[in-house]
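Chain by chain, the residues:
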Amino acid sequence: MVKEVVLPTPLSNEDVAELRVGDLVYVNGLIFTMRDLAHIRLSQRYAKGEQLPEDFTGAVIFHAGPVVEKQQDNWLISVIGPTTSMRMEPFSDFVLGKLAVRCIVGKGGMGRKTQEALSKYCAAYLLSPPGCAVIQAKAMQKVLRVHWLDLGVPEALWVIEAKNWGPLTVAMDANGNNLFEKVRNNALNRINNLYG
Amino acid sequence: MISITEDLMKGIAIEMVKRSCTQLPRDVMTLLRERWTKESNSAARRLLEVMLKNAELAAVENKPICQSPGYPVLYVTLGSDFILCANIQKIFAKAIVDATKKGYLRPSIVHPFSRENSGDNSGLGIPDVEIESNPDLDYLELTLSFKGCGSELANRIQVLTPAQIGEKGRGIKRFILEATANAGGIPCPPVAVGIGIGGQMHYAAKLSRKVVGVREWTDKNPDPEVASLENELLQQMNSLGIGPAGIGGDTTALAVKVGMVSTHTAICPIAVNFHCWVGRKCKIRVSLDKSFTVIS
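Residue numbers (this note's numbering), protein chains in the order written: chain A, 1 to 196; chain B, 1001 to 1296.
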């Protein structure tokens, strides 16, 4: 039975603890986009004890870089979709432990380090439909702020008001379940059967 | 001799860039719909539905299908009577910059070391232009392919020894399937897989990118042996259960395209090149009378 959940941000530990692999999630509220360079800069600034541009407690972060348009003083999200999350694997402990992010949204799944951090800090990894950037932009109501445009449009840290963004599929949960790992192990077993 | 002038090429370039970013070609849409009807996993079916709907919306709203424009490669095949006068790379580079300014492509091209973003998708060697001639053709064919870069992260290349090839190429097939299994959801399945076999490393790599970027994903290889290999690999990939986005299902691959050339007796290079489901390409033919037709 597929469970559908609407989650307002920031998230509480209770919200996330109940999520199970296969559940469908809709997100409401403020979200942050973060790719490689934003992760690098955030972790460097944190290590130096410098102030961070946002409070990420209970946050939903989106591994994504949008296509934007500027109309007068406002940024509009033209299209937005997920990027490959695996590249951000080295930062999972920082993001979930130090920043207290509670949901990572992306595509392709993440590795062991993230799986352990999800359990340790009570967080979840959600799959956003890859390549589906027109549809997902419709849930992005407003760009509230943008930090670090010097990194380029895709790598900047966009702060967006999302409304009914989903369905996102819970693919890794706080209980150690990992849909991607299960699927991959089955595929490797199948290859062993085929080619012995 | 037919001279392809700058004026002729400029108009074509702008159309090709716009079209490839906003309209998924017929072959890809056909395969997605086919696989959707056959998919038995309900979560996978739902994802395929979203993908189809997103592609349809992009075409209607004239927006990029995916936020990532991927990496542009232009394939040019000159028929016997054609001379390329225009500076084709410069013309396509400008068309890409113009399309970026109009919001059809996200600025995504950066310097490899500094990671500095040019802001308009201009950059060293952009786009990659691959030119070849084919005296048997009486037309000029241009294919512009924007392959996504998440899928690049799953690519594999290896120079196998004769012992590693195994009986009837079992070692090669296993290498390809393991690359697909380990790739999981990273290359945005359902994927199309370009496979280059033979030559030296560079030749296998170039072939792997070309077959998946240029060939129609619905076509059939004219060589029956290679056609049978493509079919066998496609069936086996779809039996792995990876599914759309890697969440499980019957739809792992839409197409497998193999480019095979002879190699040296000491080696067998093999390159596995993944293309995400967003099969962005635009292919046109210019005839002897300089009229052009959109092929896909």
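In short, the hints are calculated from the structure, not lab data.
Computed from a predicted model, the values in this text were never measured in an experiment.
Hints are not guaranteed to be accurate.
[Unchecked claim] Anything over 10 angstroms on all C-beta distances counts as not near chain A; from chain B, calculated: (1) E1006; (2) K1010; (3) N1054; (4) L1057; (5) C1085; (6) L1105; (7) R1106; (8) R1115; (9) G1123; (10) R1156; (11) N1231; (12) I1242; (13) S1291.
[To be verified] One side only, chain B facing chain A, incomplete, derived with CB under 7 angstroms: (14) L1153; (15) N1155; (16) I1157; (17) V1159.
Ideal Cβ placement from N, Cα and C applies to all residues, glycine included.
Going down the list of hints, with the structure as the test:
no.: 1; hint: E1006; result: holds, 29 angstroms
no.: 2; hint: K1010; result: holds, 24 angstroms
no.: 3; hint: N1054; result: violated, 4 angstroms
no.: 4; hint: L1057; result: violated, 5 angstroms
no.: 5; hint: C1085; result: holds, 35 angstroms
no.: 6; hint: L1105; result: violated, 8 angstroms
no.: 7; hint: R1106; result: violated, 4 angstroms
no.: 8; hint: R1115; result: violated, 7 angstroms
no.: 9; hint: G1123; result: holds, 12 angstroms
no.: 10; hint: R1156; result: holds, 14 angstroms
no.: 11; hint: N1231; result: holds, 15 angstroms
no.: 12; hint: I1242; result: violated, 6 angstroms
no.: 13; hint: S1291; result: holds, 33 angstroms
no.: 14; hint: L1153; result: holds, 6 angstroms
no.: 15; hint: N1155; result: violated, 12 angstroms
no.: 16; hint: I1157; result: violated, 19 angstroms
no.: 17; hint: V1159; result: violated, 20 angstroms
Checked against the numbered hints given earlier, this structure breaks hints 3, 4, 6, 7, 8, 12, 15, 16 and 17; the rest are met.
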